[in-house]
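Peer 1: What follows is the residue order along each chain.
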Amino acid sequence: MHPLARILAVAYLVLAVVGGVVLVQTSLNYVNVADINVNIEGKVAVTGVEILWNRSSGGTPAVKVFVNATNPGRIAIEVTNVDFQLHMDDPDDIYPWYDSVGLELTRVAPGGVTKRSGQGIVIEPGATRVIEIIVPIQGPDQMARFNQSDANGRYFPVVTEARFVYFFVGFVLFNILYLPPHYEAEGVVPIG
Amino acid sequence: MDEATRSLWRRRALFFAWTFVGAVIVAAFFVAAFFTRFSAIEVGDPGAVLLLVPLLTGILLGILLTDAEIVVAAGAGVACATIAVALVAVFLFSPLLAGVAVGSNVFAAYSISRVALSAVVLFPLVVVGSVIGRGVGDLFLPSPRLKQQLEELREETRRWHDALDRLESRQTAGREVGGPEPPERKD
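From first to last, the protein sequence lines are chains A and B.
Residues 1 to 192 (the working numbering) make up the first sequence, in order.
Residues 1001 to 1187 (the working numbering) make up the second sequence, in order.
FYI, nobody ran anything at the bench for these hints, they're computed from the structure.
Just to be clear, a hint being listed does not mean it is correct.
What the hints assert, rightly or not - Partial list, computed: chain B residues near chain A (C-beta under 8 Å):
# : residue
1 : VAL1031
2 : PRO1046
3 : SER1094
4 : LEU1141
Unchecked claim - Listing some non-contacts, in silico: residues in chain A with all C-beta distances to chain B over 10 Å:
# : residue
5 : GLY48
6 : TYR95
7 : THR128
8 : GLU161
All C-beta atoms, glycine included, are put in the ideal place defined by N, C-alpha and C.
Based on the sequences and whatever the hints tell you, model everything.
Peer 2: Right, here's the structure in full:
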């Protein structure tokens, strides 16, 4: 082999070693990302709603929504955005809580949390985080739709159109998960 | 196993080794450029990488196979591109192979279309590159063995020329001393 061809052969082998590492690492990244995207379905949900309202002090109410998220994969994820629509089911109306016409009538306010990429809520592999989102009730229109309790003073909040946006830590790659609606069938008594 | 057979197998093994190594390079850079979001390295301009790396790898492969016939270099290019496409397919189906995803029509359509695209991009570039590399190697980087073979061939040609010259001069001398003319050919 010509001396210059020998040098090229060495460069060729070095390039192949680098290429092999890149190929394996890229494949692992693809597998890890696909793993989370496939298995996160059902691992993120709105799990509860609390109403913070001290009526005696005359303060405005606020609704705290709990979103439970478990990272099922082998790489960390960063939650940058959770948003939803908050409704308050009227127990006296004719519509069931999931009825689309009824939902239009009971829509109270949008809620959510948005963070920049890099400043979001990091969930390590296998870990579970509870994300708390507070929705303040502002103005007479929202208050009118919010204040729909039954005879026992219980409220029946509904969370719909919930969206969960997460980035894969170390990648410029994100996914959006649409969460199932949540209804507090037992009713919620205001705290405070 | 005699020396000739051993040498033949050594050459074959080298051919497959260079081809496989080339395929790893081509597949790795194709995947890194085409699927930058998953890539472990940053490739500056994906388009340039997609076009230049297969061509340059083919040229290197051709140079490394300078001792072989040009058909062998072209065949190595085809084999290299085939293995590279297979490696790209393994990458695309890796979630399925790893058991983390279930096959669906959307997934299959996405993966198969990317494999087909890789075949369309890689085959012509690698094959053309390997043939060009073989030519470059032949012209500028011949191996000492090839050089020796060429020298031996030249030497043999020179000997034949000398022998023909001697025969011609002997016939000319025979005609000058009045020897019989060689019979003319009928055709």
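Peer 1: State for each hint whether it applies.
Peer 2: For each hint, the structure was consulted:
no.: 1; hint: VAL1031; verdict: holds (5 Å)
no.: 2; hint: PRO1046; verdict: violated (13 Å)
no.: 3; hint: SER1094; verdict: holds (5 Å)
no.: 4; hint: LEU1141; verdict: holds (4 Å)
no.: 5; hint: GLY48; verdict: holds (30 Å)
no.: 6; hint: TYR95; verdict: holds (36 Å)
no.: 7; hint: THR128; verdict: holds (20 Å)
no.: 8; hint: GLU161; verdict: holds (24 Å)
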